[in-house]
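The listed protein sequences derive, respectively, from chains W and Y.
Residues in the first sequence are numbered from 1 upward in steps of one, following the numbering used here.
Residues in the second sequence are numbered from 1001 upward in steps of one, following the numbering used here.
Just so you know, these hints were derived from the structure itself, not from any lab.
Each hint should be verified, as a subset may be incorrect.
[Said to hold, decoys possible] If you want the footprint, here are the derived chain Y segments under chain W, 3+ residues with CB under 8 Å:
no., region
1, 1106-1114
2, 1127-1141
3, 1194-1204
[What the hints assert, rightly or not] With a straight-line cut-off of 25 Å between C-alpha atoms, the simulated BS3-like cross-links for lysine-lysine are:
no., chain 1, residue 1, chain 2, residue 2
4, W, K139, W, K50
5, Y, K1132, W, K172
6, W, K50, W, K33
7, Y, K1031, W, K117
8, Y, K1031, Y, K1081
9, Y, K1132, W, K103
10, W, K103, W, K117
11, W, K172, W, K139
12, W, K50, W, K3
The C-beta atom is built at its ideal place from N, Cα and C for all residues, glycine as well.
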Amino acid sequence: MKKVRLATVWLDGCSGCHMSLLDIDEAIVAIAKRVDVVYGPLVDAQEFPKAVDVTLIEGAVSSQDDLEKVHTIRRWSKLVVALGDCAVTGNVPAMRNSHPARKMLERIYVEGAQATKGVPVDGVPALLRQAVPVHEVIKVDLYIPGCPPTPAAIAYALGELVEGRMPELASKVKFG
Amino acid sequence: MPENISIRIDGEYVPAQDGQTILEVARAGNKYIPTLCWLAGISSVGACRLCIVEVSGVGRLLPACTTPVQDGMSVTTNSEKLTQYRRIAIEFLFSERNHRCAVCVSNNHCELQSMAQRLGVTSVRYPYAYPKLAVDLSHPRFVLDHNRCILCTRCVRVCTEVEGAHVWDVSSRGIRSMIVCDMNRPWAQSSSCTNCGKCVQVCPTGALAEKGFAVDEMVKQDRNVSRLTARRGGHS
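This is chain Y alone, in the form it adopts within the complex (with noise of 0.2 Å):
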């Protein structure tokens, strides 16, 4: 049995075991932490910097999602400075790649279009990068559009936890990565590919989609994953 210790998030004591994260202890206490790149029934990678929280006594900002709690931490989820934080993470988000919000097949279904208005963002203070990038049509039922990934590695994780197939990667470094599928070929060329479209139901932008959808009609399916975890038992 974990050990049961106590926690302070935002001055309130509440209930923690032993191996839980800051986020998952502050979910069951019906405290609000923002994420994107975490799914209830996947692991977690701590990528998008959005569940980004105060911890007194350390002196820099700490993921959630993947912060173990220990007894006695006090933890803060809301103040000026990381609402600040978080609206300059999803700015670079917006920045990095072509995200077209009017034109995408998941516009007012999108969680980067959604997590943005709720924090506010009215506007990209960075210059936008306008990088030229490609667009995979090479499936016969899905899309691979890199102009809307936010490397948030969900369709990695989904593969390789879930379906265990492990069709996805991150290629390359830094302001270069990129999703890419079996060692960088087409996805019709993919040989572990089971075509069970779980990436694409966790995506969430519309980098992953199913064809033969127009804007804002692709509307993701993304508790289906976390329940059939949840009735596997793994990650909760």
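Next up, chain W with everything else stripped away, as it sits in the complex (with noise of 0.2 Å):
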């Protein structure tokens, strides 16, 4: 049977996703017979890979950098998954947004550095004026919110996404 290719991406989140997904117990062993993981922070892919079916979202798009790659996951993903509050709501990432970027960055690291102070811009992306959950900038085909989502939930959504079916989330995944 031909394997699913699926990518998973970290944005503006903990990683409490990603960990929440390898938290699946022996249902890992089911889907990872039947998916090829072909980018993510678990594998060495340095760029995104062209004719993706599943990519699973996790974190808020918060800089510059995440916006180049949300619009690069639409474009060849068939399927885009939101993981987590973070990506379905904004979450934590977003409770920055009721202040100026700037502000906040002075704050953390001019006011509240102890030794060098400065807002770091070299090899950093520029912060977006907000940070917005992903289907503020792209279409977004399945949600899975929960901080982090469940491993039964995740667990559920990739066993039906694999065998070609739309999970039914509703009611079985909550925010928070």
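Two chains, two separate frames, one set of hints: put the complex together.
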């Protein structure tokens, strides 16, 4: 049987959703047999590949880099899944949204800094004005909320997706 | 004695009395209608619009908690249309303020969160407003966090009707509406607050909470208020 090309992406989040993905116990064996993980923090690929069947996105869209990534993801993925509250609602990364990004950075890297004061600019992507949920930027096909989503919800959703079915997650998942 | 009448709920005849609301009759007949701002023991205001029902012959949806029954009325409590509108109501509540379930004292004990789950809301289709809102930490025992408030006005009603202190009110209108304490001053400076905590216990979210609790820890005891009013013979 043809394997499902699966990508996972870690944007502005804490990696807890990826932890929860690895926490699905023996279900991971069955799913691993059915998928090729072609991109993500768990594998070595440097560039987002073309022709991906399913992409799981963890984290809010928070920086210029995130923004470019989600557009690439949408372009090359058949199905985009928002995994976890940050991707679905903005959650904790969006707590900065009521304040200007510049003020937040100065508060942390200038007022709050002990030794080297100064907002880092080299080698880090510029922050967007606000951290937003993925679906405010690109079309999202499936939402798995939760902080993190329960391993059971992830296992169920992936189990359905590898079979080519759309999981019915209503009432099985919750925010928070 | 109020007059006995008969109405139909989801096709079934249920006994009712003149003066009762659709919600009261439905609850007595074990018919579930979702609610959020409603609470047994205090008056009903129809603020959250979750209890909307279809009444045949009426062209618009009516809130069950404030609509009185009429003889021969036929009510539908559940339909695809109602679920759709109830989901929209929940999504508006989420988009209006800064609800972060994961880091809230009321996580897993919140009526907004559990209602979203019950209605199958897995995302919010409207852009979030991200308003910049204050948190009143002045009171020695309690916190008011406007970020988590859904303006259900349970606090306003319980304080006025049950405690008799009338500390809380709603200021401004529309999207600017805000719960205020004693003509808009910090809670600690209230001259009418008795520190009874009833507002905290009936608040469906983490907007009103006791100090000293971490994420997940604030479990509300709103039934105590309902029990108290039942003993006093007030609203049922």
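Right, here's what the structure says about each hint:
no.: 1; hint: 1106-1114; in the structure: holds (count 5)
no.: 2; hint: 1127-1141; in the structure: holds (count 6)
no.: 3; hint: 1194-1204; in the structure: violated (count 0)
no.: 4; hint: W:K139 <-> W:K50; in the structure: holds, 18 Å
no.: 5; hint: Y:K1132 <-> W:K172; in the structure: violated, 32 Å
no.: 6; hint: W:K50 <-> W:K33; in the structure: holds, 21 Å
no.: 7; hint: Y:K1031 <-> W:K117; in the structure: violated, 62 Å
no.: 8; hint: Y:K1031 <-> Y:K1081; in the structure: holds, 18 Å
no.: 9; hint: Y:K1132 <-> W:K103; in the structure: holds, 14 Å
no.: 10; hint: W:K103 <-> W:K117; in the structure: holds, 14 Å
no.: 11; hint: W:K172 <-> W:K139; in the structure: holds, 22 Å
no.: 12; hint: W:K50 <-> W:K3; in the structure: holds, 15 Å
Checked against the numbered hints above, the structure violates hints 3, 5, 7; every other hint is satisfied.
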